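Novice: Sequence:
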Amino acid sequence: MKKIILLILLAVSLRVEAQPNKDSLLIANGAELIQEMRMMWNYDQAVREYIRYQTFDKHFTDSVELLNDTLRERLVDSIRLSATNSKKVWDNYISPADNLHAKRMIEIIKTYGFPSKKRIETLTNIKLDYDPYILLMHTPKVYCDELKVLIEAERKIGNIPNQCEYGYILWHLNGRNNISYFLENGFVMEDQNGSKKIIRKHCD
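What the sequence shown shows, in mature numbering (1 follows the signal peptide of the UniProt record, and there is no 0), is residues -18 to -1, 1 to 186, in sequence order.
Treat the hints as calculated values from the structure; they're not laboratory data. A couple of the hints might just be wrong.
BS3-like mimics (lysine-lysine), calculated; alpha carbons at most 30 Å apart, straight line [said to hold, decoys possible]:
(1) Lys40 with Lys99
(2) Lys123 with Lys69
(3) Lys69 with Lys4
(4) Lys85 with Lys138
(5) Lys183 with Lys100
(6) Lys85 with Lys123
(7) Lys4 with Lys92
(8) Lys100 with Lys4
(9) Lys138 with Lys99
Okay, the calculated beta carbon distance ranges per label pair [said to hold, decoys possible]:
(10) Thr52 with Leu165: 43 to 51 Å
(11) Pro2 with Met171: 36 to 44 Å
(12) Ile181 with Leu7: 12 to 20 Å
(13) Ser6 with Arg54: 25 to 33 Å
These numbers come from a predicted model, not from an experiment. Beta carbons are placed, not taken as given, at the ideal position from N, Cα and C, and that holds for glycine.
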């Protein structure tokens, strides 16, 4: 534990010194980086949705998502891929891409600092139609420890201003089984229609 803390402190020290250079790099290469991450984001979402809907038609999938829970699940159950084909998609298209995306996001964070939507839009004046942090939500376990150190360092120097995103990332990197990462970082537990739900409340 002490070793991890020392690594985080060292990382923070080095990143504070390097921050102006990283901001400059992000400004210079922002447009290209935004396109690259959008491609990764679209792939990440589309292939996962294909298992449920057997289509890449975003208009169709969005319309299904607007249905009530009962109708949506009934429809999805009738059109989703078979278990055999779902496994093929995971093995051949999703897992390999998750691995590549995780490695690339680590490179991006080390080179440019954490690419939060707010930071990118502020530095580049380009509006994003996606959230780059979602790319970290499918990070394979093998990269989680390295990313935890990076994320803590980036949070401390202000590159992850949205605490809900920070909590969401920590929840994933630490195994997706501890809701305290949500409740300590902007989320609250509320009763909705007789059931408890965790919702975003104090993110900024």
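Novice: For the pair supplied as a hint, Lys40 and Lys99, confirm whether the alpha-carbon distance does not exceed 30 Å.
Specialist: holds, 22 Å
Novice: Assess, step by step, whether the Cα of Lys183 is no farther than 30 Å from the Cα of Lys100, and give holds or violated.
Specialist: It holds: about 18 Å lies between the C-alpha atoms, which stays within 30 Å.
Novice: Starting from the range 25 to 33 Å, see whether the pair Ser6 and Arg54 falls in it by beta-carbon distance.
Specialist: violated, 46 Å
Novice: What's the verdict on Lys85 and Lys138, does the C-alpha distance respect the 30 Å limit or exceed it?
Specialist: holds, 22 Å
Novice: Keeping to a limit of 30 Å between CA atoms, is the pair of Lys100 and Lys4 held or broken?
Specialist: holds, 15 Å
Novice: Measuring from beta carbon to beta carbon, are Pro2 and Met171 in 36 to 44 Å?
Specialist: holds, 40 Å
Novice: I want to verify a distance hint. Is the separation of the beta carbons of Thr52 and Leu165 within 43 to 51 Å?
Specialist: violated, 29 Å
Novice: Given the hint that Lys138 pairs with Lys99, test it: the Cα-Cα distance must not exceed 30 Å.
Specialist: holds, 17 Å
Novice: Verify the proposed pairing of Lys69 with Lys4, using a straight-line Cα cut of 30 Å.
Specialist: Roughly 40 Å between the alpha carbons, so the hint for Lys69 and Lys4 is violated.
Novice: For the pair we were handed, Lys123 and Lys69, check the Cα-Cα distance against 30 Å.
Specialist: Status holds; Cα separation ~19 Å.
Novice: Does the Cβ-Cβ separation between Ile181 and Leu7 fall within 12 to 20 Å?
Specialist: violated, 36 Å
Novice: Take a quick look at whether Lys85 and Lys123 sit within 30 Å of each other, Cα to Cα.
Specialist: Between Lys85 and Lys123 the Cα gap is close to 12 Å, so the pair holds against 30 Å.
Against the hints set out earlier in the document, violations occur for numbers 3, 10, 12 and 13.
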